[in-house]
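Number of protein chains: 4
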Amino acid sequence: MLTLGCPDTVGIVARISGFLQDVGGWITEAAYHSDPDSGWFFTRQAVRADSVAVSLDELRARFAAEVADSLGEGTQWALTDSAAPKRVVLLVSKESHCLGDLLARAYRKELPAEIVGVVSNHRDLEDLTARFGVPFRHVPFEPGADKAPSFAMLREVVDGFAPDVVVLARFMQILPDELCRHWGERVINIHHSFLPSFIGARPYHQAYKRGVKLIGATCHYVTADLDAGPIIEQDVTRIDHGDSVADMVRQGRDIETLVLARGLRWHLEDRVLVYGSRTVVFN
Amino acid sequence: MLTLGCPDTVGIVARISGFLQDVGGWITEAAYHSDPDSGWFFTRQAVRADSVAVSLDELRARFAAEVADSLGEGTQWALTDSAAPKRVVLLVSKESHCLGDLLARAYRKELPAEIVGVVSNHRDLEDLTARFGVPFRHVPFEPGADKAPSFAMLREVVDGFAPDVVVLARFMQILPDELCRHWGERVINIHHSFLPSFIGARPYHQAYKRGVKLIGATCHYVTADLDAGPIIEQDVTRIDHGDSVADMVRQGRDIETLVLARGLRWHLEDRVLVYGSRTVVFN
Amino acid sequence: MLTLGCPDTVGIVARISGFLQDVGGWITEAAYHSDPDSGWFFTRQAVRADSVAVSLDELRARFAAEVADSLGEGTQWALTDSAAPKRVVLLVSKESHCLGDLLARAYRKELPAEIVGVVSNHRDLEDLTARFGVPFRHVPFEPGADKAPSFAMLREVVDGFAPDVVVLARFMQILPDELCRHWGERVINIHHSFLPSFIGARPYHQAYKRGVKLIGATCHYVTADLDAGPIIEQDVTRIDHGDSVADMVRQGRDIETLVLARGLRWHLEDRVLVYGSRTVVFN
Amino acid sequence: MLTLGCPDTVGIVARISGFLQDVGGWITEAAYHSDPDSGWFFTRQAVRADSVAVSLDELRARFAAEVADSLGEGTQWALTDSAAPKRVVLLVSKESHCLGDLLARAYRKELPAEIVGVVSNHRDLEDLTARFGVPFRHVPFEPGADKAPSFAMLREVVDGFAPDVVVLARFMQILPDELCRHWGERVINIHHSFLPSFIGARPYHQAYKRGVKLIGATCHYVTADLDAGPIIEQDVTRIDHGDSVADMVRQGRDIETLVLARGLRWHLEDRVLVYGSRTVVFN
Chain A
1 MLTLGCPDTV
11 GIVARISGFL
21 QDVGGWITEA
31 AYHSDPDSGW
41 FFTRQAVRAD
51 SVAVSLDELR
61 ARFAAEVADS
71 LGEGTQWALT
81 DSAAPKRVVL
91 LVSKESHCLG
101 DLLARAYRKE
111 LPAEIVGVVS
121 NHRDLEDLTA
131 RFGVPFRHVP
141 FEPGADKAPS
151 FAMLREVVDG
161 FAPDVVVLAR
171 FMQILPDELC
181 RHWGERVINI
191 HHSFLPSFIG
201 ARPYHQAYKR
211 GVKLIGATCH
221 YVTADLDAGP
231 IIEQDVTRID
241 HGDSVADMVR
251 QGRDIETLVL
261 ARGLRWHLED
271 RVLVYGSRTV
281 VFN
Chain B
1 MLTLGCPDTV
11 GIVARISGFL
21 QDVGGWITEA
31 AYHSDPDSGW
41 FFTRQAVRAD
51 SVAVSLDELR
61 ARFAAEVADS
71 LGEGTQWALT
81 DSAAPKRVVL
91 LVSKESHCLG
101 DLLARAYRKE
111 LPAEIVGVVS
121 NHRDLEDLTA
131 RFGVPFRHVP
141 FEPGADKAPS
151 FAMLREVVDG
161 FAPDVVVLAR
171 FMQILPDELC
181 RHWGERVINI
191 HHSFLPSFIG
201 ARPYHQAYKR
211 GVKLIGATCH
221 YVTADLDAGP
231 IIEQDVTRID
241 HGDSVADMVR
251 QGRDIETLVL
261 ARGLRWHLED
271 RVLVYGSRTV
281 VFN
Chain C
1 MLTLGCPDTV
11 GIVARISGFL
21 QDVGGWITEA
31 AYHSDPDSGW
41 FFTRQAVRAD
51 SVAVSLDELR
61 ARFAAEVADS
71 LGEGTQWALT
81 DSAAPKRVVL
91 LVSKESHCLG
101 DLLARAYRKE
111 LPAEIVGVVS
121 NHRDLEDLTA
131 RFGVPFRHVP
141 FEPGADKAPS
151 FAMLREVVDG
161 FAPDVVVLAR
171 FMQILPDELC
181 RHWGERVINI
191 HHSFLPSFIG
201 ARPYHQAYKR
211 GVKLIGATCH
221 YVTADLDAGP
231 IIEQDVTRID
241 HGDSVADMVR
251 QGRDIETLVL
261 ARGLRWHLED
271 RVLVYGSRTV
281 VFN
Chain D
1 MLTLGCPDTV
11 GIVARISGFL
21 QDVGGWITEA
31 AYHSDPDSGW
41 FFTRQAVRAD
51 SVAVSLDELR
61 ARFAAEVADS
71 LGEGTQWALT
81 DSAAPKRVVL
91 LVSKESHCLG
101 DLLARAYRKE
111 LPAEIVGVVS
121 NHRDLEDLTA
131 RFGVPFRHVP
141 FEPGADKAPS
151 FAMLREVVDG
161 FAPDVVVLAR
171 FMQILPDELC
181 RHWGERVINI
191 HHSFLPSFIG
201 ARPYHQAYKR
211 GVKLIGATCH
221 YVTADLDAGP
231 IIEQDVTRID
241 HGDSVADMVR
251 QGRDIETLVL
261 ARGLRWHLED
271 RVLVYGSRTV
281 VFN
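Line by line, the protein sequences are chains A, B, C and D.
If you read the first sequence in our numbering, its first letter stands for residue 1, the second for the next number, and so on.
If you read the second sequence in our numbering, its first letter stands for residue 1, the second for the next number, and so on.
If you read the third sequence in our numbering, its first letter stands for residue 1, the second for the next number, and so on.
If you read the fourth sequence in our numbering, its first letter stands for residue 1, the second for the next number, and so on.
Keep in mind that the hints were calculated from the coordinates and are not lab data.
One thing to keep in mind: the hints can contain errors.
Identical copies carry no separate label here, and so any pair may be met within one copy or between two of them.
Okay, derived cross-link-like pairs now, SDA-like style, lysine to any residue, Cα gap no bigger than 20 Å in a straight line [what the hints assert, rightly or not]:
1. 109 <-> 130
2. 109 <-> 123
3. 209 <-> 37
4. 109 <-> 95
5. 109 <-> 244
6. 209 <-> 199
7. 209 <-> 51
Quick caveat, the model's predicted, so the values are computed rather than measured.
Only chain A is shown next, with the shape it has when bound in the complex (with noise of 0.2 Å):
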């Protein structure tokens, strides 16, 4: 799998497929996006394996000689082996439903991942954990305490799991910025409220008070800004005026679900790439 981002010219489609004609690379699935605002261009190429004839380092290192270090300044790429699961680690508190979808998922083995670890604040939900033979660590954050010393023990415990992606599953703690920035890009987040709208706490019981008429969720990479960082999807679902914050509450569950569930598959596909707060997502 090739992504890459660069500053857009002519002729970077020519070189690229050039390039990978050369050592034989049937491409399976190539998507492209050239972005006029930031002048930058965008591609993600699946390329099957086996019509590869060079190693994953040779093609590597061919690869930034003969192409990428020619670009532009600022260019990202990544050649990386499909084949091989992503680890993830996800981090909850009480809410079961996002916990519960995605371990579905991976016993039915939907996800290019491995769950690795379960970490919470609390321990409501060690049991369902531990249901599906998932490792679970209980990281207490005491209330009124320094939050300071639970930080570091989340840091050590998740980083203990060696995750490719940490997800935030309904986990109810703000990461400290020093933490966003040790976990950099890796950290997905589902928030319960169509962003920018209802930011922060009680998004369900913001809505019912302003009274809208479409209630949604978020998933996005955190970062140290709260629920500002950059969106990898977002989806909604009607409700009406007999609806309570209850009811609420109950039909976002599904589509905070939904909305998570796709946008960490995208992510664990190397689908998403993201640039300054925005993202290019090639499903």
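Following the hints, put chains B, C and D in place on chain A, whose structure we already have.
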């Protein structure tokens, strides 16, 4: 058509339906809503006109005496003849999509209303309006000039059409408080975002910058507080990273058009009851 | 909970609401529907249990005597205690998504029901069922063999659970007429297409071949006529030319899961009234 | 604009992009699709006209010689000037919604096309067409009479407008095979159901009878096989038990209008490639 909102208590439905039975009313459509939070009760009942033996005036007098006067404080109700088409005035600027759509709907007699006039701060849409034989009035808003005389003229021109409803169909001037109060709950606006996201100017530019994956539109009653009035209807459409602001503007037009048409129809059919910042929509 | 369907005439609402007022019933949710084509009237009324002075048996006796017996021929009604959870049996084959979703919903106590047993013609889902502590029974259907003994055993096993509802959660055997009649209106199926499109086997293959741009799922009551029973709920999701049959199967799973969960919940909450080949869904 | 479909093999993208680089072409939009089932490859590439040094004729000659002629058997391609607006003829009967919408879109210059004529078997829409200054031709179809002369006249009248595209915008006559063949892949129809459900006459009546919970519309190319041509676009809207056939007809109009407008725009922008009974839509 009976619409009513009152403090909730036991037996309201029995009293109303008992009254309607007494006057021989055949209910063709009935909807009820009890709001547990506010403790308020709402209903809308469509009665076959030919099934009622008495005149509308007598019906009103009897309903007041026999039912409404003994309901709780704050009770609001209306008994109207839905056969009488409502008078609609459209306020527009330069964008033709909502105007063209409503003129076409009126042309094919889809709306229980007559569009009696179109008023604009520009002359761009005079030609389109004339093609449908609807009176057009131009109220100039000179750039940089004091807007008060323009709004005074706008008020006079609009009031001259004796409208039941004033629709801001992409009218790009913010009504002053005084005019909002004067027209009361008779003003409907279409805002080109999924409120409360992207309040104010250039919402598609804001949406592009934030990188949202759905764009929307909101039909709401106008209050003195910009884009904060009670919402009648909202909808969204999916976009992706390939959509420029211009693409969003084009796709947004279709959503704006539909959302306004639906919201306006529900208002015209007395399906919308307002309480506080929320609406009950019996559709 | 009162549900009722009867020939439409003047004054039904008044009589029912008058009766409920007499027994002190506080109506928390009320929905009505008059069907002009069939001339039939439908209602569902949720009454606060603690507001009614008499027992459920007495309430039924009085409702029959004072209201229902004098309504027209064919009147059907039920007065039930919605606090009593319904007993659900799931019939499954090899696909785990609907099963896993319903087990997870039951686990988080989202459904007003208890899943009392899972019955399958395969053993594949025994492990998943066991993880949630629900009894699993295997009823073999040998390829090529006479199915009558298997269906007889299925009937016995299912009836042994004394279910209020039998759900075909991707059960890949067609129930014989006799079994449909035996279980009556208590059997709900999820079909993996937007009916009446793509009736029968391999609907996603049919959809791919036809080149449709949306795929869907349908939750319906089972009748002797395959895939023709009254529809409770349907939904669709967008696909495009890039989606293979396998992609459609994967995306279809999410729609099937949601549509079945919604349809089942509405059934469990007595929101679905059947007449002929159609349903009234008070949601 | 380059569109191309050919047997898939290694290196096609490299050859096309190499060619475009040679002539200096700046690609502003590029989409590719490999269909594993048919083993066919499709691409659409938008090139900035001012970036190409040679004339369109020379470009075609060189592309044939240097690329297309050596691609596999059955290869189809087109190089067109997307600045040239296409000529559209609309065929209508009595329903005005699609006609009015397309006239309004053309009026606000939203479509890359000119509506050069409207032809109808009735006179009902002559007035609306005239309001937009578009030529209207009436071709009578007398009830009970032989339709062959009418279709011969229709062919002559339509061909007189020299259309690039013929749109059946709720034209209620079934084109004879001969006319389908004559106009080839230039005819687009809007059918008022979610095909393949409810083929043929009165689809909303069929939908009502079946009790579906969503209604839809389908934009497709016309072939001799009724309602079986390749689908360009479809969409649906939710209905419920309260919606009569008349309500479905009204709500269906909005879906038909939108689906036709989207499908037609994609066709006009050369985004639709047909293969067999399916379409690739690069949107």
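Hints and how they fare:
| no. | hint | in the structure |
| --- | --- | --- |
| 1 | 109 <-> 130 | both (18 Å within a copy, 19 Å between copies) |
| 2 | 109 <-> 123 | between (26 Å within a copy, 18 Å between copies) |
| 3 | 209 <-> 37 | between (37 Å within a copy, 11 Å between copies) |
| 4 | 109 <-> 95 | between (23 Å within a copy, 12 Å between copies) |
| 5 | 109 <-> 244 | between (36 Å within a copy, 18 Å between copies) |
| 6 | 209 <-> 199 | both (14 Å within a copy, 17 Å between copies) |
| 7 | 209 <-> 51 | neither (57 Å within a copy, 29 Å between copies) |
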